[in-house]
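Trainee: Sequence:
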Amino acid sequence: MRSSRLRLLAPCLVALALALAFVAGSSPQQQSLHESADARSFDPGNIISDSVFYDPATMDTAQVQAFLEREGASCTSSLCLKNLRQDTWTRAADGYCGSYEGVVGERAAQIIAKVGRACGVNPQVLLVMLQKEQSLIKTSAPTEEKLRKAVGYGCPDTAPCDAQYYGFYNQLYNAAHRFQYYRAHPGSFGHRVGVVNNVRYHPNAACGTVPVYIQNQATAGLYNYTPYTPNRAALDAGYGTGDGCSAYGNRNFYLYFTDWFGSTQASGEESIRGKYDQLKASGVDLGAQTTGVICDLPNGGCRGSWQGGTIFWSRYTGAHVVRGAILQHFLALGGVPFLGYPTGDDTAAPVNPGYFTDFQGGSIYWSQATGAREVRGNLLAAWRAKGAQSGVLGYPVGGDEAVPGGFRSRFQGGTLYWSQATGARMIRGALLERYEAAGGPRVIGFPVADERPTARNGAAVDLTGGAVYWSSATGARVVRGDILATYRQWGAEAGVLGYPTGDDQAHASGFRTTFQGGHVYWSAPTGAHVLRGAILDRYLAHGGAPVLGFPTTDDVAAAGGGAKAEVQGGAIYWSSATGAHVVRGDILARWRQWGAESGALGYPTGDDAAAPNGGYLTTFRGGTIWWSQPTGAKVLRGAILDRYVAHGGPRVLGYPTTDDVAAAGGGAKAEVQGGAIYWSQATGAHVVRGNILAKWRQWGAESGALGYPTGDDAAAANGGYLTTFRGGTVYWSQPTGAKVVRGAILERYVAAGGPAALGYPSTDDVAAAGGGAKIELQGGAIYWSSATGARVVRGEILAKWRQWGAESGALGYPTGDDTAGPNGGYLTSFRGGTVYWSPAAGAKVVRGALLEHYLAVGGPQALGYPTADDGPAPGGGGAKVALQGGALYWSPATGAHVVVGEAADHYVELGETTSWLGYPISDTEETPEGTHTEFEHGVIDVTDQQVASASRR
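Residue numbers for the sequence shown, in mature numbering (1 follows the signal peptide of the UniProt record, and there is no 0): -23 to -1, 1 to 930.
Please keep in mind that the hints were generated in silico from the structure rather than gathered at the bench.
Bear in mind the structure is a predicted one, so any value in this text is a computation, not a measurement.
Any given hint might turn out to be false.
Keeping only pairs whose Cα atoms sit at most 20 angstroms apart, straight-line, the calculated SDA-like set for lysine to any residue is [unchecked claim]:
{"no.": "1", "residue 1": "K115", "residue 2": "F238"}
{"no.": "2", "residue 1": "K115", "residue 2": "Q40"}
{"no.": "3", "residue 1": "K777", "residue 2": "G819"}
{"no.": "4", "residue 1": "K123", "residue 2": "S54"}
{"no.": "5", "residue 1": "K257", "residue 2": "F238"}
{"no.": "6", "residue 1": "K363", "residue 2": "G390"}
All chains should be built: construct the whole structure from the sequences, respecting the hints.
Mentor: If you want it as structure tokens, here you go:
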């Protein structure tokens, strides 16, 4: 005897499960009604009807053989049921089975058909038993062992099989006989018809029981043969494996029978009326019948309607009632052609009051708040996995809807979206609102997972085309593509960027997304990169992508605790001391040649800025880089930079043509378009320009005699310029060009009024005779000797002096400057005399004793200006100089004396020093009568009437 039977191993066959695949453009529940059994239609109280179970005439031997050949097509062994032959023996009839006539070498198909007829059991039942117990129908490798216990008769779950029942024929006959025995003695076994039975889920009592109202003897017999009912996990698995409390025997009986032979129930009309009676017996009164049973539905299905509902039947699903708003919605959707047949009666939904009915193609749920709505396919499975109406989603508020590429179902608490690639996924609340506002599946694809919690009490949902992130501070925002990938590389919402504060947006020729901690920018050439903090602020203030292009790197650490980011149009550098600033183009390249932020220039202190004449500049902690098209980018630093800026920068001096570089003696210099700037510790920085610069460089520049400049290029009188140096000054004018003036000559030149008084130098200062020096000026000359110092000589005095041999002549170096004399005249003193000039007489030389006496008696003021150079006196032996007021005469014997007035005229008339008077021995003196002049050999007296007379002594 078989006390119990359990199949805990998963069946070999893969179920031909109900195809509910979502196909683009058609509903995911648009189903064929020619489909495999649905385990959800399993009715534990009516696994198979008596009329079907106990019908032995469903198949003859030929039909059984054809079935075995079809289902066992891959089996080639002689043990395959389609090939199997066994000797059978004759059995006499008893109260349960008729007689069986044995045959030598009887085929398996004949044995199956004959046992069915002898014992009044459907041969289809026996075929299903062979499969569910030992997989003998579909196997390609049957064994003697499997054939010995073909239907598990006498094989309890807790002990070995009873050998007296071994053998294919023996197994079949005893099993069929046993089912008739159960039928004849319904009250003698643990599972009884017409009462509620507590049926176990599993041999392990800890798995529990379920109350089952067994409606017929066939179902009771199956439970007595295999005393377990499938739990929800087993039913949800179809032909697959459930959980540790799952049993599969009766489930598989139902599935195989339905797949192979159709409904386990009686005819449609009989089943519908039986269902009506069952409902009424259980307290559900459908009221008066409104239509008879009509079998006009797909695949031979039937329906019968009453005031309180309609009962639908198909051979795959059996008979089930649909009522109220659920029935109305079912019919409005198209009924059976749309959702298939009901697989269960309407059922009260737990927790949140409502009702639902399952159909082959989905379910319809109803609540007072939402009405009746269908949910289908993978959307239905996903919703139920989340607790259905009792879960976070609540009841459906919309039907199954097609969206581009998939489907969705809307619920009180959110929406489930489905596509072939992603399956069914949940989105709720603000995430859902943002997702749909952004275009939903059409724009950003389907969710690839349910929404999920994120850092700091946020939430996110991942999509095929991006993601939506939400926090209470930022709301829900869309992040997509490479920007999303970069965001996640940076730790997503848990990282430094935090939550997005804006959606993915088109920006310039790319995209950007803003976050709490920065922005991520993307373009096709650059990819996605992060900008944050002060660098981001500067980037935006400077015009962002339209001006600077897109970032080509993330912001990264830079030297000394700073940060930097590369952009298509340059770079942005930041330090705590300088802030963030833009550096671009050739200026950026030059700065990097100088070591960038780690070099002498350090961090930028200003942005790339426009400068005069189309140039640009960027300031740094250690200097400034200037750029123009002709000059390129050049560095100026320190005092040179300060001077350049103070002097007017590019507007005045043009752009640097070199970096500042070392100069002689520890100094520095920089070339600019309009000159140069030189610096030394002693002199500071000064501008040198134009011809002055050229002249200075001819003189050796800072390494030459002039040394470093001590003053800037400065405007001087009459449109000229000068630059002072440690060793002198270079003067320039248009007529004279640039000339060098140094030392005492320079001092005298400046003291005498410089260019304003003397004009510009027309030569450099040069060596003069006797170790002296000289320089030519537009208004004269300056001569210097160590004995005389530097003196100005000008005009006709200068010409006269040079006629006399200048510093090499009798007069020697000047000992005084060109000086104004009385009555508009001028004089210049020299070591060897004085040159006097008057408008009337011109320039004349007076020397020695004559000069001394001339000065002693009052010079030009008293005697007028010389009218001739001093020279030999007539007759020789002395000297003479003619004056406007007389003459001076000198001889060694007499010394120098002046003769004036009528006395002078008379003296000349007499022959002067060649006359008998000789040289004067006294100056002309006034007397009461006139004047009196004494000579070596006489006198000349002049009366007050101007009558002159000479007399001997």
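Trainee: Take the hints in turn and mark each one as holding or not.
Mentor: Now for the hints, and whether the structure bears them out:
For the given pair, K115 sits about 15 angstroms from F238 by alpha-carbon distance, which is consistent with the 20 angstroms threshold. For the hint pairing K115 with Q40, the CA-to-CA distance comes to about 17 angstroms; that is within 20 angstroms, so the pair holds. Between K777 and G819, the direct Cα distance comes to roughly 9 angstroms. Compliance with the 20 angstroms bound is thereby established for this hinted pair. The hinted pair formed by K123 and S54 meets the criterion: a straight-line CA distance of about 14 angstroms does not exceed 20 angstroms.
In summary, the hint linking K257 to F238 is not supported, as the alpha carbons are separated by about 30 angstroms, beyond the 20 angstroms threshold. Simply put, K363 and G390 have alpha-carbon atoms about 12 angstroms apart, close enough for the 20 angstroms limit, and the pair holds.
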